[in-house]
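Protein chains in written order, with our numbering: chain A, 1 to 216; chain B, 217 to 441.
Note that these hints are calculated values from the structure, not bench results.
Wrong hints could be hidden among the right ones.
As the list claims (entries may be wrong) - If you want the footprint, here are the derived chain A segments under chain B, 3+ residues with CB under 8 Å: (1) 59 to 66; (2) 158 to 165; (3) 193 to 201.
To be verified - Looking from chain A toward chain B, a few residues come up when the C-beta cut is under 8 Å (computed): (4) Phe70; (5) Gly75; (6) Met79; (7) Val83; (8) Phe86; (9) Asn175; (10) Thr183; (11) Val188; (12) Leu204; (13) Val205.
To be verified - Not close to chain B: a few residues of chain A, all C-beta gaps over 10 Å, as computed: (14) Ile6; (15) Leu14; (16) Leu41; (17) Ile71; (18) Phe74; (19) Leu76; (20) Ser179; (21) Lys210.
We put the beta carbon where it would ideally sit given N, CA and C, even for glycine.
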Amino acid sequence: MGFEKILNLGGPLLLGAVTTVEITLVSLLLAIVIGLGLALLKLSRFKLLHWVIDIYVEVFRGTPVLAQLFIIYFGLAYMGFKVSAFPAAIIGLGLNGGAVLTEVFRAGLGAIHHGQREAALAVGMTPWSSLRYIILPQTWRITLPPLGNYAIALLKDTAVVSAIAAPEIMFYARNLVTSTFETTLIYVLAAALYFCLSFPLARLVERFEKRQSAWQ
Amino acid sequence: MIEFLSVYAENWASWWPQIAKATGNTILLTVFSFALAVVIGVLLALGKLSRIGLIRGFCTAYIEIARGVPALAILFLIYFGLVPLGIVLDAFVAGFIGLGMSAGGYIAEVFRAGIQAVHKGQREAALATGMTPAMSFRYIILPQAVRIILPPLLNMLIILLKDTSICSLISTPELMLRAKDLAMMSFLPMHLFLLAGLIYFLLAWPLSLVTRRVEAHMRRSLRGA
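Given only the sequences and the hints, what does the whole structure look like? Please build it.
So, in structure tokens, the structure goes:
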């Protein structure tokens with residue numbers, strides 16, 4: 001196992017790592033938008049809306065993300081909507097994460113005492129500014145640790161999108177294996193690369209958690 | 217819509233026997249990998265509380281790596297990566313070992329958190345009344361820790377059930393692989409992947425309802441305590 005060999009294999013894998021980070025960030029953003037949006041909508045009084053959101057959450061949390069990706073990538077192509085691998089990966093992971101984060105934000109919003117909102121309205125804030133300046137900043141503190149944990153899970157879930165040929169770490173690893181036959185080394189390097197990405201994130205989440213328990 | 221559904225009626229006789237068998241394999245894979253993960257988790261959790269630094273270090277490193285690397289990378293490493301070293305595993309065996317090793321790291325943390333959440337005064341009191349350390353663990357610590365451990369453990373079971381689908385990528389003959397093969401043969405990907413998704417849902421949803429009931433029950437009993 002020469003050092004040079006590792007460098008030669010590491011290049012393409014690092015290229016894949018860039019895509020892995022891109023997919024993680026964009027689908028995280030999508031998941032946050034969906035999750036926060038739906039959690040806020042669940043504060044409304046429309047029963048029908050609650051139903052629709054609950055069904056979305058249950059369905060996407062009750063099925064494997066791989067099945068969701070295959071439906072979006074292969075299933076939709078069959079129905080005549082061709083989505084290429086990268087957007088399919090983002091949509092699949094984003095919708096899946098949206099369901100997870102809806103629950104996270106709902107729990108976060110639920111943890112804020114309703115007196116906070118009443119007090120904000122009583123001092124003359126509009127419902128929107130009470131949400132913006134009173135409710136959301138407090139929700140943010142509560143949801144940060146679970147959000148961070150979700151980001152780590154998402155980072156690792158991106159490995160699955162290699163199955164629909166999105167060019168991330170695992171995809172490059174599989175291609176490298178067929179061209180170089182350095183199977184063991186390549187998969188060890190791929191695993192190490194994921195570890196290097198997720199480990200600092202895990203330490204960061206730990207710090208959020210410590211800080212939060214200090215507040216309470 | 218009716219046209220879409222009629223495809224199922226036409227193909228049901230040829231699909232169902234294969235899908236049913238594959239679903240059975242998915243359940244077996246889930247049970248095996250969960251059992252392995254619990255064994256690994258208990259050993260790691262105990263190892264992390266060990267007084268020997270080397271054991272503690274190994275267990276900490278294992279947990280960090282298992283939690284920091286995707287299950288898919290571990291599966292590929294076990295199934296493909298060990299072949300050049302002369303270790304050739306059956307896809308099913310590689311699948312449950314890989315998933316079990318990966319989930320073991322999480323379950324270790326669940327156990328450790330559960331055991332540590334029991335106030336140490338409980339153990340001290342048990343020892344003071346003349347119980348042996350083993351008895352105090354069995355009769356005092358464990359019954360209280362189980363309340364904290366059970367809900368996340370059940371959640372892990374659901375996650376494992378869904379994660380077995382990625383074993384299809386190392387050709388373990390489970391539900392997702394069968395659905396993919398049938399989809400390729402019949403050119404009906406939407407039908408087969410929706411069917412696979414539905415079956416996963418029918419397996420996972422009752423589990424998640426049970427988990428929520430257990431969670432609510434445990435929360436009440438903890439508050440009562």
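Evaluated hints:
Judged by the Cβ-Cβ criterion of 8 Å, the region 59 to 66 of chain A is covered by chain B as claimed, because 7 of its residues qualify and three suffice. As drawn, the region 158 to 165 of chain A meets chain B at 5 residues by the rule of a beta-carbon pair under 8 Å; at three or more, the given contact holds. Note: the region 193 to 201 of chain A has 4 residues with beta-carbon separation from chain B under 8 Å; the three-residue rule is met and the coverage holds. The restraint placing Phe70 of chain A at the interface with chain B holds, with a minimum CB-CB distance near 5 Å, inside the 8 Å limit.
Below 8 Å, beta-carbon pairs count as interface contacts, and Gly75 of chain A has one with chain B at about 4 Å; its hint therefore holds. A hinted interface residue such as Met79 of chain A counts as satisfied when its beta carbon comes closer than 8 Å to some beta carbon of chain B; here the least separation is about 6 Å, so the hint holds. Among the interface hints, the one on Val83 of chain A is violated; its C-beta lies about 13 Å from the nearest C-beta in chain B, farther than the 8 Å criterion. Violation of the interface hint for Phe86 of chain A is found here, the shortest Cβ-Cβ separation to chain B being roughly 18 Å, above the 8 Å cut-off.
Interface restraint check: Asn175 of chain A against chain B, minimum CB-CB distance 13 Å, threshold 8 Å, status violated. Checking Thr183 of chain A against chain B by beta carbon gives a least distance of about 5 Å; that is within 8 Å, so the hint holds. Below 8 Å, beta-carbon pairs count as interface contacts, and Val188 of chain A has one with chain B at about 7 Å; its hint therefore holds. With 8 Å as the threshold, the beta carbon of Leu204 of chain A stays out of range of chain B, its nearest partner Cβ sitting at about 13 Å, so the hint is violated.
Because the beta carbon of Val205 of chain A sits about 11 Å from the nearest beta carbon in chain B, more than 8 Å, this interface hint is broken. With a cut of 10 Å on Cβ distances, Ile6 of chain A stays outside the contact zone with chain B, its closest approach being about 15 Å. Against the 10 Å criterion, Leu14 of chain A stays outside the reach of chain B, whose nearest CB is about 15 Å from its own CB. Distance check for Leu41 of chain A against chain B: the nearest CB is about 22 Å away, which clears 10 Å, and the non-interface claim stands.
With 10 Å as the threshold on Cβ separation, the claim that Ile71 of chain A sits away from chain B is violated: the shortest Cβ distance comes to roughly 5 Å. Some Cβ of chain B comes within 10 Å of the Cβ of Phe74 of chain A; the nearest lies about 4 Å off, and the non-interface call is violated. The claim that Leu76 of chain A is not at the interface with chain B is violated, since a C-beta of that chain comes within 10 Å of its own (minimum 8 Å). With 10 Å as the threshold on Cβ separation, the claim that Ser179 of chain A sits away from chain B holds: the shortest Cβ distance comes to roughly 14 Å.
No beta-carbon of chain B is positioned within 10 Å of the beta-carbon of Lys210 of chain A; the least distance is around 14 Å.
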